[in-house]
Amino acid sequence: MSTPDPTATAPAADVTSAAGAAAAPPALVFDDVSVVRGGRLVWSEGTFEIPTGSVTAIIGSNGSGKTTMIKVILGLVPTASGRVRVLGHAPGEGPSSGRDDIGYVPQDYTSTAGDAIRARDAVLLGLTGSRWAFSRITREQRERVDQALAAVDATEFANRRVSQLSGGQRQRVAIAQAIVSRPRLVVLDEPLASLDLRNQREIVDLLGRLNKDLGVTILVVAHDLNPLLSVLDGAVYLLDGHAHHAPLSGVVDEDLLSHLYGTRIEVVRTPQGELFMRSV
Amino acid sequence: MRTVDLVTYQDNWWEILTSDFMRNALLGGTIVALAAGLIGYFVIVRNTAFASHALAHIGLPGATGAVLIGIPVSLGLGIFAVGGALVIGALGKKAADREVATGTVLAMATGLGLYFNSLATKSSSTMTNVLFGNLLAITNDQLVVFAIMLVALAAAVALIYRPLLFASVDSEVAEARGVPVRTLSVVFMALLGLVITMAVQVVGTLLLFALVVTPAATGIQLTPRPRRAMAVSAAISLVSVWAGLAFSAMLNLPPSFVVVTIACLVWFVVWLSARASHRAGGAIVGAPTRATAEHPVHA
Ligand SMILES: Nc1ncnc2c1ncn2[C@@H]1O[C@H](COP(=O)(O)OP(=O)(O)O)[C@@H](O)[C@H]1O
Ligand SMILES: [Mg+2]
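The listed protein sequences derive, respectively, from chains A and B.
Numbering of the first sequence is given in our numbering, commencing with residue 4 and proceeding in unit increments.
Numbering of the second sequence is given in our numbering, commencing with residue 902 and proceeding in unit increments.
Think of the hints as simulated: they come from the structure by calculation, not from any bench.
Note that the structure is a prediction, hence the values are computed from the model and not measured.
Hints should not be assumed to be uniformly reliable.
[Stated by the list, open to error] Computed list of chain B residues with no C-beta within reach of chain A, every gap over 12 Å:
hint, residue
1, Q911
2, D912
3, E916
4, D921
5, R947
6, L1013
7, D1042
8, A1053
9, P1064
10, S1072
11, A1091
12, W1143
13, N1153
14, C1165
15, L1166
16, F1169
[To be verified] Here chain B is said to cover these stretches of chain A; the calculated rule only asks that three of the stretch's residues, wherever they fall, bring their Cβ under 8 Å from a Cβ of chain B:
hint, stretch
17, 70-83
18, 117-130
19, 134-146
[What the hints assert, rightly or not] One-sided and incomplete, this derived list gives chain B residues near chain A with beta-carbon spacing under 8 Å:
hint, residue
20, D906
21, V908
22, V988
23, A1059
24, L1060
25, I1061
26, Y1062
27, E1073
28, E1076
29, P1125
30, P1127
31, R1129
32, A1130
Even for Gly, the Cβ is constructed at its ideal location relative to N, Cα and C.
Produce the complete structure using the sequences and hints provided.
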């Protein structure tokens, strides 16, 4: 199936953010999608679009199917019904073989081989890991790796073994590996889990920069929306077995959040105009 | 009371070392050491050390069964080792979690090997050779087969090196990037089966671990760079085989014993010094030297 020039087909998506991107087709289109895993329906009726150039959270309780949604987007889990388009293509199929245009940071990024590889080598795999046949590493590839490491503030520990890094450092290496191929979409599965507040802040700032400076569309699975509020444009929420999308203003809603987390949530606006939510 | 001479010095050792059957042993050992170096790094990175140990045992009934039906021992060994490898590979990436199943199959295979051996009257030397290896029995025909296997292995590793590394280190990300992770797993296991078929003939099923896995573990302790670790591991295997043959000629010891002892000693020394420097607060042995942004260290 051939894909027309993306700029020529722009369906009028309700782009709520990302000014200037209004003409771009959505990064992600879900049309009445449902997923079955192990004989069980995980979620259904997923119909939404995610604008190009936005930062979107995927939220829901444990086991609601957030990781499953990411795997559907990556083409690792098939859908039971419906239609999915990722950057204009079916999941797992892309303009090039190897899908250089999507970066992925999995949940629990714990490389089993952490002892046998340096952080720098792990990042390099994001660039060359899907290429067959032996070849020398080019100067340009080295520079790309150095840039990706610098972008996540990982230059200092780039030559250490992955097994010797802290959780926050590993998370940075995983992000460097995901962005080294200069993807248009980056998907992260709970990147903030098990990080201390300072590391959370720094990773969120980094995602914000990726989005603002390079126009990368970002999808991030999160437990806690608070640390992400400063960069978010909207969220996909998995509620009662269905997948919905809403802009941020729609998601930061006490009733919805209380329903979603199964506990009373209060949304507080500080005098400075910042939002945060807490369980009461 | 009778004293046992643990070692006897043989002053004609140079003659022994330069004889024809020694030449085959040296060549065969060299080929196997190189093959072990190529695959050992991946065995550790992919968490398949136990599976490789099991495969060596699964080869045993193949070897003794071969004697029974009158086909070459190496062929029977190869069919069982590679066949077993393919089954383990097809079972998928959770192979490391299948220790109980693997251990059970291993015991069953060893028992079956013993049974086949008892059926054939002349095969007890085969049994000993397969269990403990016999470098000195390597024939010219075997050398040719070994050489072909090594070339095939090197070509395959060169072709799949990066995707295999990616799939081994970050299988989920690799899969998302279109790397055929499952196929690579089966291909890797088939290659491992080949190396095991060769290595069993050098050090035997019982000692194989020390030639295929231990040098790679040492290499990884010494350097975190994949290709260097492979080179170091091949070098340790080579030195073990060569020095093993030389010492066995000098002191009239079984070659497998000396080969394995050297490989294990090297590992032990590296492990001890890594611990010592770690205790002293220094960097782990072989930890990368500090690189500057201008002069990063690359693999
Ligand atoms: N590999 C799998 N096979 C079968 N079912 C699975 C698999 N992975 C996850 N599931 C099921 O799918 C549901 C959603 O899981 P997941 O997407 O991991 O949830 P979340 O990431 O939101 O915690 C769970 O009920 C889980 O048990
Ligand atoms: Mg999850």
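Hints, one by one, checked against the model:
At roughly 41 Å from the closest C-beta of chain A, the C-beta of Q911/B stays outside 12 Å, upholding its exclusion from the interface. Listed as a non-interface residue, D912/B keeps its Cβ farther than 12 Å from every Cβ of chain A; the least gap is roughly 45 Å. Even its closest Cβ contact with chain A, about 42 Å, leaves E916/B beyond 12 Å, as expected for a residue assigned away from the interface. A cut-off of 12 Å between C-beta atoms confirms that D921/B is not in contact with chain A; the least separation is 37 Å.
Its closest Cβ contact with chain A, about 8 Å, brings R947/B to no more than 12 Å, contrary to its assignment away from the interface. At roughly 32 Å, the least C-beta separation between L1013/B and chain A is larger than 12 Å, which holds for a residue marked as non-interface. Annotated as non-interface, D1042/B keeps its C-beta farther than 12 Å from every C-beta of chain A; the closest such distance is 31 Å. Distance to chain A confirms A1053/B as a non-interface residue, since its nearest Cβ pair spans about 15 Å, more than 12 Å.
Against the 12 Å criterion, P1064/B falls within the reach of chain A, whose nearest CB is about 6 Å from its own CB. Its closest Cβ contact with chain A, about 9 Å, brings S1072/B to no more than 12 Å, contrary to its assignment away from the interface. Listed as a non-interface residue, A1091/B keeps its Cβ farther than 12 Å from every Cβ of chain A; the least gap is roughly 17 Å. Remark: the non-interface label on W1143/B is consistent with the geometry, its nearest Cβ contact in chain A lying 26 Å away (cut-off 12 Å).
Separation of N1153/B from chain A is adequate, the least Cβ-Cβ distance of about 39 Å exceeding the 12 Å criterion. No Cβ of chain A comes within 12 Å of the Cβ of C1165/B; the nearest lies about 20 Å off, and the non-interface call holds. The beta carbon of L1166/B sits about 22 Å from the closest Cβ of chain A, which is more than 12 Å, so the claim that it is off the interface holds. For F1169/B, the condition that its CB be more than 12 Å from all CB atoms of chain A holds, with the nearest at approximately 18 Å.
Counting residues of the stretch 70-83 of chain A whose CB lies closer than 8 Å to any CB of chain B gives 3, so the stated coverage by that chain holds, three being the minimum. Using a Cβ-Cβ cut-off of 8 Å, 10 residues of the stretch 117-130 of chain A lie near chain B, which meets the minimum of three, so the contact claim holds. Counting residues of the stretch 134-146 of chain A whose C-beta lies closer than 8 Å to any C-beta of chain B gives 6; at least three are required, and the coverage claim holds. With a cut of 8 Å, the hint placing D906/B at the interface with chain A is violated, because the nearest CB-to-CB distance is about 43 Å.
A least Cβ separation of about 37 Å between V908/B and chain A goes past the 8 Å threshold, and the interface hint is therefore violated. Interface restraint check: V988/B against chain A, minimum CB-CB distance 22 Å, threshold 8 Å, status violated. For A1059/B, the shortest C-beta to C-beta distance to chain A is roughly 4 Å, which falls under 8 Å, so the interface hint holds. Interface restraint check: L1060/B against chain A, minimum CB-CB distance 6 Å, threshold 8 Å, status holds.
This hint holds: I1061/B has a C-beta 7 Å from the nearest C-beta of chain A, less than the 8 Å allowed. The beta carbon of Y1062/B comes within 5 Å of a beta carbon in chain A, closer than 8 Å, and the hint placing it at the interface holds. Interface hint status for E1073/B: upheld, as the beta-carbon distance to the closest one in chain A is roughly 5 Å, under 8 Å. For E1076/B, the interface hint holds, since its Cβ comes within 8 Å of a Cβ in chain A; the closest pair sits about 6 Å apart.
Interface hint at P1125/B: satisfied, since its Cβ lies 5 Å from the closest Cβ of chain A, which is below the 8 Å cut-off. About 6 Å separates the beta-carbon of P1127/B from the nearest beta-carbon of chain A, less than 8 Å, and the hint is met. About 11 Å separates the beta-carbon of R1129/B from the nearest beta-carbon of chain A, more than 8 Å, and the hint is not met. Taken as an interface hint, A1130/B checks out: its beta carbon lies about 7 Å from the nearest beta carbon of chain A, inside 8 Å.
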